[in-house]
Amino acid sequence: MKKKNIFKSPFFKYLVQRLGQFLLVVFVGITVTFIVPRLSPTNPVEQKINQMMVSGANIHPEALESFRSAMTEMYGLEGTVWDQYRAFWGRFLRGDLGPSLSSYPVPVIDLIKKALPWTIGLMLTTTLISWFIGNLLGGLAGYFPEKRWVKWAELGATCIRPIPYYITAFILLIIFCFIIPVFPTSGAYARGVIEGFNLKFIGSVLYHTFLPALSLILVGLGGWLLGMRSLVSNIVADDFVLYAEAGGIDQNTIMKKYVIRNALLPQITGLGMSLGAVFSGALITEIVFGIPGLGQLTYRAVISFDYSLIMGVSIFSIMGVSVSVLIVDLLYPLFDPRIRLG
Amino acid sequence: MSQNVLSVEQLNAVYRTELYGIKREVKVINDISLTLKRDEVFGIAGESGSGKTTLIKLLSGTHRAPLTVLGGKVSYDFEDRDACTDVLNCSRADLDSIRWKNLSYVMQGSMNVLNPVRKIHKSFIDFAYRHMDIPDKDDFREAVVTYLAKLRLPAEILNSYPHELSGGMRQRVIIALATICNPDVIVADEPTTALDVVVQRETLNLIREIQGQQKNTVLLITHDMAVHANIADRIGIMYAGRLVEEGKTRDIFYNPSHPYTQHLIGSLPRIGDSSHKEGLKGNPPNLASPPTGCPFHPRCPRAKKECSERNPAMEMIGDEHRVACYYHGAK
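Going down the list, the protein sequences come from chains A and B. The numbering used here puts the first residue of the first sequence at 1, with every later residue one more than the last. The numbering used here puts the first residue of the second sequence at 343, with every later residue one more than the last.
Isolated chain A, as found in the complex (with noise of 0.2 Å):
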């Protein structure tokens, strides 16, 4: 066989062109993150300086003076936008997004190292849980639409669904932590343990997030499901699935082969963007059982006006998505032949 020019061939070409499109839509997007905050009213400076004033402080309108300017600098407010963005820039680049205004002098990044597994512990393996569940119960369901199972599945997924996550967490939170007491009703493990790779942590971390994760996942996998389904009740009447049962090719390979094989393509891209919002964190879960996630510090942050700290969560999200769906569009083509060539 011979050797092919790995630098011309489409796919390498396609890659190009793909990471071209990542880097533009990160550029743009954290450009974005760094403009919205300054187009704020508020000055998180003179913020600062009122917050220090009504709480009673007299302090010498010099040493004020250079407490602002002390202040701009570590908030990365000197000169013009223009100057501030270039640094801003300089110090992205070097993986620092500076110091939490809320907690400081705490980097930025810290904060958000220190949450990250909480967060994606949780909702990686939720949104896995329930894609794998919800499309093969839809699967199943959308290929055997007489079945009596399915029908109670569909009227469940279709009666979950429509319910606000929030109304469905506080009902699991009522049901298990109050009616039957048998769950924690908030935090990410007990009080008193202590946080390491230890049998007692993992088994204490597993039972506070039992609940939540529970709640991600009824709500997910209604939504897999009835998408699956609608997608095989749909290829099921294609004419390549009636030609292979006219073929008399065994029903086993068909549902496998022939039907989930190609309902599982939009699935699939479905799954990588879900994967990408797992960065952004799940608010409401968070807040509603304790969890210490992205999205109980994106709370924190939005509260307490830390722009450092939106932004640096903004950044993490922008970053997450468009890298999965970076993902889902390499992996994809060998999913779908269609595609291969780009």
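Possibly wrong hints are sitting among the right ones.
What the hints assert, rightly or not - 30 Å max Cα-Cα, derived DSS-like pairs, lysine-lysine:
hint, chain 1, residue 1, chain 2, residue 2
1, B, Lys461, A, Lys13
2, A, Lys256, B, Lys461
3, A, Lys151, B, Lys492
4, B, Lys379, B, Lys464
5, B, Lys443, B, Lys461
6, B, Lys443, A, Lys256
7, B, Lys479, A, Lys256
8, A, Lys8, B, Lys461
9, B, Lys557, B, Lys492
10, B, Lys464, A, Lys256
11, B, Lys557, A, Lys257
12, A, Lys147, B, Lys365
13, A, Lys257, B, Lys443
14, B, Lys479, A, Lys257
15, B, Lys464, A, Lys257
Don't read these hints as lab results, they were simulated from the structure. Here the structure is a predicted model, which is why all the values come from computation and not from measurement.
With chain A's structure known, arrange chain B on it following the hints.
Relative to the frame of chain A, chain B by itself:
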């Protein structure tokens, strides 16, 4: 073993739908009786909505709700097994055992009948491996390659996906797929309709060639009379869910007897003939509320009172020539 491979007796079928409690029945197959001999090409012609595809679905046992059989029998007599009577009522397992080994099907719309995410080779395994009696997969692949070569298809297509092939190639793959197991009966629904005339000719020659070698029975459906003239040994003409005339291709083209067939043949352009072609007045009947009597009588120039009251039965008027009309015969 009789001379006939398929006999259809008084087949009646409807599309039955129920929406918000309102039941509707559309009678698409009306009392069709028909026999197919071994080693022949039988063509079925008729306009859109005359029930051609529905008939094929019934004959191949691929009908699904809302298509409902009211009565009749479709029985095959295959060489290597006891007579398989009544495909309309046999189990799925029985049907699956004759499918592709004895009875294969070329579906309408060949562009979409192959699984878009499966390589052609896999499709051959899915459809033909069970019946070929070649347990080793490499040997099986060899056999497929040899067969494809006979159909002038390169071996490389086995590693392709359907979208990578041209329309003509895809059609040839479908025909290869349908004939590789050497079935007794091949049912082909509009196998040439979506193709341009050059590819159409190639495809027809291919079907003709394979049929000549394998001596199978081909049931070919198309509305294109030119295709029938080229390939069919006998032709059946359908109108409004009924078989109105059946005969040898020569008889149908040169000696049509039913007024509908006469109009159909009369409408064909002939080289050197510049006379004005007379169109049929009116529209094909609505099968949800068909006219009484003969379904053709509202458009028939020869219709008499009797035609609107009773439906004429098929009657033998010559050698293998049947027609359903009270006033049949030359113009």
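Hints, one by one, checked against the model:
Distance check on the hinted pair: Lys461 (chain B) and Lys13 (chain A) sit about 24 Å apart at the alpha-carbon level, within 30 Å; holds. Straight-line distance between C-alpha atoms of Lys256 (chain A) and Lys461 (chain B) comes to about 15 Å, which keeps the hinted pair within the 30 Å bound. Between Lys151 (chain A) and Lys492 (chain B), the direct Cα distance comes to roughly 51 Å. Violation of the 30 Å bound is thereby established for this hinted pair. Note on Lys379 (chain B) and Lys464 (chain B): the hinted pairing is violated, with a Cα-Cα distance of about 33 Å set against a maximum of 30 Å.
A hinted pair counts as satisfied when its Cα atoms are at most 30 Å apart, and Lys443 (chain B) with Lys461 (chain B) qualifies at roughly 22 Å. Our distance criterion of 30 Å between C-alpha atoms is met by Lys443 (chain B) and Lys256 (chain A), whose separation comes to about 23 Å. Distance hint between Lys479 (chain B) and Lys256 (chain A) is fulfilled; the C-alpha atoms sit about 21 Å from each other, no more than 30 Å. For the hint linking Lys8 (chain A) to Lys461 (chain B), the alpha-carbon distance of about 25 Å falls within 30 Å, and the restraint holds.
At most 30 Å may separate the alpha-carbon atoms for a hinted pair to count; Lys557 (chain B) and Lys492 (chain B) meet this at roughly 16 Å. Between Lys464 (chain B) and Lys256 (chain A) the CA atoms are separated by roughly 14 Å; this keeps the pair inside 30 Å, and the hint holds. For the given pair, Lys557 (chain B) sits about 34 Å from Lys257 (chain A) by alpha-carbon distance, which is inconsistent with the 30 Å threshold. Note on Lys147 (chain A) and Lys365 (chain B): the hinted pairing holds, with a Cα-Cα distance of about 24 Å set against a maximum of 30 Å.
Between the alpha carbons of Lys257 (chain A) and Lys443 (chain B) the distance comes to roughly 22 Å, so the proposed pair stays at or under 30 Å and holds. Restraint check for Lys479 (chain B) and Lys257 (chain A): the C-alpha separation of about 19 Å stays at or below 30 Å, so the hint holds. At roughly 10 Å between alpha-carbon atoms, Lys464 (chain B) and Lys257 (chain A) fall within 30 Å of each other, so this suggested pair holds.
Checked against the numbered hints given earlier, this structure breaks hints 3, 4, 11; the rest are met.
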